[in-house]
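Novice: All chains, full assembly: derive it from the sequences and hints.
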Amino acid sequence: MKKPMTNPEGAKKGRRYYGHGIPRYPLEDLVGKLIVVEGADGSGRSSQIARLVDWLETCGHATVQVGLKHSTLVSSELAKAQEGNILSRTTLSLFYATDFADQLENMILPALKAGFIVLSDRYIYTLMARDVVRGMDEAWLKNLYGIALEPDAVFYLSVEPQELVQRNLAKNAALDYWESGMDLGFSRDMFDSFLKYQTAMQAAFRQLRKNYGFTVVDGNRPVGSITKELRKKIRALLVEK
Amino acid sequence: MMKTFAELNFPGRLIAVEGLDGSGKSTQIYLLKRWLEAEGIKVYFSEWNSSELVKSATSKGKKRELLTPTTFSLIHATDFADRYERHLLPLLRAGYVVLCDRYIFTAFARDVTRGCPPDWVRGIYNFAALPDIVFFFKADLEVSLNRILEGRPKLKFFEAGMDLRLSADPYESFRIFQGRILEQYLAMAGEFKFMVMDANQHVEKQQALVRKIVGERINLARFRRRRPLPLPPPLPPDNKAKETEEDLAA
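From first to last, the protein sequence lines stand for chains A and B.
For the first sequence, the numbering used here assigns the number 106 to the initial residue and increments by one for each residue that follows.
For the second sequence, the numbering used here assigns the number 186 to the initial residue and increments by one for each residue that follows.
A few of these clues could be false.
[As the list claims (entries may be wrong)] Each computed DSS-like pair below joins lysine-lysine, with the alpha-carbon atoms no more than 27 Å apart: (1) B/K378 / B/K397; (2) B/K397 / A/K185; (3) B/K247 / A/K174; (4) A/K247 / A/K337; (5) A/K185 / B/K390; (6) A/K315 / A/K185; (7) A/K185 / B/K247; (8) A/K218 / A/K301; (9) B/K339 / B/K247; (10) B/K341 / B/K247; (11) B/K247 / A/K218; (12) B/K218 / B/K378; (13) B/K240 / A/K174; (14) A/K247 / B/K188; (15) B/K240 / A/K185; (16) B/K341 / B/K248; (17) A/K185 / A/K276; (18) B/K245 / B/K390; (19) A/K174 / A/K185; (20) B/K218 / B/K397; (21) B/K390 / B/K378; (22) B/K248 / A/K174; (23) A/K337 / A/K315; (24) B/K245 / B/K341; (25) B/K339 / B/K240; (26) A/K301 / A/K185; (27) B/K188 / B/K378; (28) A/K315 / A/K338; (29) A/K315 / A/K247; (30) B/K218 / A/K174.
Just so you know, the hints here were simulated from the structure itself, not pulled from any lab data.
Here the structure is a predicted model, which means the values were calculated and not measured.
Specialist: In structure tokens:
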């Protein structure tokens, strides 16, 4: 196993799993850093992550990127299921949890053990918010995601739904079925549904924030000034013991 | 906390069988199904680990040995949820007698044996109502083991509990693993009011008792088909590449 690069003094104080976690990976072994960027499609997550990776690697930090639906185990089946929109609520929720758990155990935790900085393009909060909006029980979700590690930092890129709709249309000339929450039946009009759904998602994030404190970053600003703010916060994180 | 379908005022009823591989539970539930069909009851049979959609992920995970106790647990929960939401619930709303070869107790016993915390596993499955009757087929451990191991079958990695590193020998590992699962089953028998069946008895004798209990506990007349609608097809519809019971259960 490689020597830890970022924090030779060992894992950060107060590192914790939300619940029982993954016992094979004791907390004191997890010497790297887990940084999560959350936000809707069009909030600028991927651009920010690309810029952070670039910066971190230039500074000599080894990085790993993870995201939702990237697991070896279930990602292709999950994509297929979404295409057909045939899965019920609990099933889809558990399918996503399986995908998350597979990446947690096979990517995130081994990388943290090896001292990498792990950049996660969304984390359990998006999964929970989607389910909360669809009426799933928060206590059930809390138990389910008791396997997850609390990140060192979570940045939530908050962008007004009106601005999101503009960015998504400018990029794809279309709105995504799931990002518009079409399965919820808010409206048969996709534009309306998108706005309503994204507003509901923001409310769900606000609610989750009470229990899972994350840093809200104003994502309505230009890319560069957001990166500057993120760098500043991450720099502080990297020097702390 | 958890309630049965009857307590939740579902028109249908759910009967589950549980037990170790080789306990004879599948034979018993098959015979029960044949009887109910002959009686003109609206009946549906569902097997553990059979959701078409989730199956390809599960079998990939098993073949490539990608599963950890956590993902093993979650992928089976996904499979169960799919069957529960898409088949079991609507059928129970429509007044069927649903027969399940294994139910959530299989997950409780296996996942906890694999080291998942009991509260976590139970919490995940708490969206499911309890069966109206659970038959637990209790055979002596040696009897069940011999039934499975007699033919020296090729045991699969997870089926034998090899992921737990109990023994380098798959047969020895299987024995220890099954023994631990049995302990888990017995520990919850009282809590979930299992009807404990003596699986060392003759098949016919057990079946007579099963039918007697079902007849006493469920007013079967209420579940007769009024018009002779055909019964729904089993899932998957075509029984391609018929797997053994151990395959499906592993």
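Novice: Now tell me, hint by hint, if it's right for this structure.
Specialist: Hint by hint, here is what the structure shows:
| no. | hint | verdict |
| --- | --- | --- |
| 1 | B/K378 / B/K397 | 17 Å, holds |
| 2 | B/K397 / A/K185 | 45 Å, violated |
| 3 | B/K247 / A/K174 | 19 Å, holds |
| 4 | A/K247 / A/K337 | 31 Å, violated |
| 5 | A/K185 / B/K390 | 47 Å, violated |
| 6 | A/K315 / A/K185 | 34 Å, violated |
| 7 | A/K185 / B/K247 | 20 Å, holds |
| 8 | A/K218 / A/K301 | 41 Å, violated |
| 9 | B/K339 / B/K247 | 14 Å, holds |
| 10 | B/K341 / B/K247 | 9 Å, holds |
| 11 | B/K247 / A/K218 | 26 Å, holds |
| 12 | B/K218 / B/K378 | 22 Å, holds |
| 13 | B/K240 / A/K174 | 17 Å, holds |
| 14 | A/K247 / B/K188 | 22 Å, holds |
| 15 | B/K240 / A/K185 | 13 Å, holds |
| 16 | B/K341 / B/K248 | 9 Å, holds |
| 17 | A/K185 / A/K276 | 24 Å, holds |
| 18 | B/K245 / B/K390 | 40 Å, violated |
| 19 | A/K174 / A/K185 | 11 Å, holds |
| 20 | B/K218 / B/K397 | 14 Å, holds |
| 21 | B/K390 / B/K378 | 22 Å, holds |
| 22 | B/K248 / A/K174 | 21 Å, holds |
| 23 | A/K337 / A/K315 | 24 Å, holds |
| 24 | B/K245 / B/K341 | 13 Å, holds |
| 25 | B/K339 / B/K240 | 21 Å, holds |
| 26 | A/K301 / A/K185 | 26 Å, holds |
| 27 | B/K188 / B/K378 | 12 Å, holds |
| 28 | A/K315 / A/K338 | 21 Å, holds |
| 29 | A/K315 / A/K247 | 13 Å, holds |
| 30 | B/K218 / A/K174 | 40 Å, violated |
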